[in-house]
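Colleague: These are the residues of each chain, in order.
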Amino acid sequence: MVMGRVLVPGTGDGRLLRLRAPISLWGGVDPVAGKIIDPRHPDFGVSIRGTVLSIPGAVGSSSSSAIMLELLRERTAPAAVLMAHADAILALGVVVGQELGYETCPVLEVDPEALRAFPDGTHLHVSADGSVTAAPQ
Amino acid sequence: MPLTLTSDERAMLGGEAAGANAMAMRILVSAAELLGAEELVPVTSAHIDGCLHHGDGGVEFAERLVAGGGRVAVPTTLNVGALDLLHPENVRADAHKADMARRQMDAYVSMGAEPTFTCAPYQVGHLPDVGEQVAWGESNAIAFVNSVLGARTERYGDFLDACCALTARAPLHGLHIGRNRRAKVVIDATRVPPSLKRRDVFYPVLGTWLGLEVGREVAAIVGLPSTVSRDQLKALGAAAASTGAVALFHVVGVTPEADTIEDATQGDMPTQMITLTADMLRGSLARLSTAEGSELHAIAVGSPHFSIEEFEALSELVDGRRFSLPFYACTARATLQELEDAGRAGPLRDAGVEIIADTCVVVTPILPEEGGVLMTNSGKFAHYGPANTGYDVVYGSLEDCVDSAVAGRVTRNELVWAW
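Going line by line, the protein sequences match chains A and B.
Count along the first sequence starting at 1, add 126, and that's the number in the working numbering.
Count along the second sequence starting at 1, add 9, and that's the number in the working numbering.
Since the hints were derived computationally from the structure, they do not count as laboratory data.
Every residue, glycine too, gets a C-beta built ideally from N, C-alpha and C.
Covered stretches of chain A, as calculated for chain B (at least 3 residues, CB under 8 angstroms):
id: 1; stretch: 144-152
id: 2; stretch: 162-168
id: 3; stretch: 182-192
id: 4; stretch: 196-209
Computed spacing ranges between beta-carbons, pair by pair:
id: 5; chain 1: A; residue 1: GLU239; chain 2: B; residue 2: ASP359; range: 56 to 64 angstroms
id: 6; chain 1: B; residue 1: GLY302; chain 2: A; residue 2: PRO245; range: 37 to 45 angstroms
id: 7; chain 1: A; residue 1: ARG201; chain 2: B; residue 2: GLY399; range: 18 to 26 angstroms
id: 8; chain 1: A; residue 1: SER257; chain 2: B; residue 2: ASP277; range: 31 to 39 angstroms
id: 9; chain 1: B; residue 1: GLU379; chain 2: A; residue 2: PRO245; range: 39 to 47 angstroms
id: 10; chain 1: B; residue 1: GLY28; chain 2: A; residue 2: ARG166; range: 38 to 46 angstroms
id: 11; chain 1: B; residue 1: GLU271; chain 2: A; residue 2: ARG201; range: 50 to 58 angstroms
id: 12; chain 1: B; residue 1: VAL139; chain 2: A; residue 2: ARG141; range: 42 to 50 angstroms
id: 13; chain 1: B; residue 1: GLU141; chain 2: A; residue 2: GLU229; range: 38 to 46 angstroms
id: 14; chain 1: A; residue 1: ALA254; chain 2: B; residue 2: SER235; range: 51 to 59 angstroms
id: 15; chain 1: A; residue 1: ALA261; chain 2: B; residue 2: HIS96; range: 53 to 61 angstroms
id: 16; chain 1: A; residue 1: GLY227; chain 2: B; residue 2: ASP328; range: 52 to 60 angstroms
id: 17; chain 1: B; residue 1: ALA27; chain 2: A; residue 2: GLU229; range: 17 to 25 angstroms
id: 18; chain 1: B; residue 1: PRO377; chain 2: A; residue 2: ASP255; range: 48 to 56 angstroms
My request is simple: use the sequences and hints to build the entire structure.
Modeller: Here is the structure:
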């Protein structure tokens, strides 16, 4: 089990998708398709929908809050987001989603090193207390 | 320590639940808590990124604030929208998107924000003082206001920027606190040839490298000329804030918090010292282009929005020639007005320059639908262009862009990179 710091509370289940580089959601993810669209990103073309998404760094555009909100509205969002560092941009999109009554996903601050215990694709469960555990499907 | 609010802030939070101030304060409190802030800090200005349409959630948010009686409490400028309101024919948008994009821009204007519609509010008179606490969105504007003006903001995104503008507060954390503004990484650019450091084309490449290298750390750069221009610093910050999460950099001997290296590091030992090499710059120069060869279909400049000085440089380079390819220059409506008043817009249009106001080519469909290869002198356009427009990109200097637009194919002066 890995403990994260809860940035936005909630629960979520999905397969671990560990991004191999930092990302800007704006200019990086198409919120309608839920896919990575930046051709320079090593995970170009990958779907983030329904995953437990580990992000090594949130970079780039401050419009990434809006893309996060659109992912929620379009129901193409990850099941949970695990960020290496809290910031006021990505998680804020989820906070606004709560305010607008959308179905949201939990956001945790988690040390990426601690997540090494889980192989890529492991089915994970994120609990409201911030614990991340491998879960049988 | 948990977040403590003042009585005024508690009153705002406890106001009518559907009211805009209570909604803004609820979101601000959530943000402050997740950032670990212990209190809020009063801010004196805001720049709102959230007027750009990315989907209808942004309209819903803005109109809910309007319905709740939202009104900005500090001088507030607006970022680009998804439409050129002065020349609507410049943007291809279906009726729904055009309507929603317009409603999103209108919502913020109706809350009292100035309809500046520019990513470079610092070019249209929004210039906070050194040390002033502000809340700005738009990654390049954040880097500029912190680094070049010495005012203090963190990286704020859509929605939180508006919440800060309505409440005149921001979470007291990160770069709002003086101690966190010290450089931990020192970049030594003294070995870069002086002739290269004088050229505009160097700065987006340096910024691209800086963002990838330092991520979210504060860096101090030594060895840049004291003559470095605001446009060069703007280009450096915009590129660094695209590839990284750079919100503040110092240029020793140039920017307001870095008279000396000791000022920039606040007397601490840096955790990392990096000497810039030719290989580092060549790597990030190569990264900025995704196409090879001479094929070219369009040229775009003005990210961040073109300044008057950049238009002057463009006019000099055009020098009576005519372009054989579409050439877009994006700018603020205020800058365009200045250009018109000076009688300088006409000759540029005659040469084939399409001047885009209020928006830009990577945030909304403006470039020809057929796609192809886009040339730019902007590190930010080069970074976001492929994903947002479908175009491949070629990076070059403004001079390269003009020469290529005349020739109808990519021509680049590679000699400037000789090192």
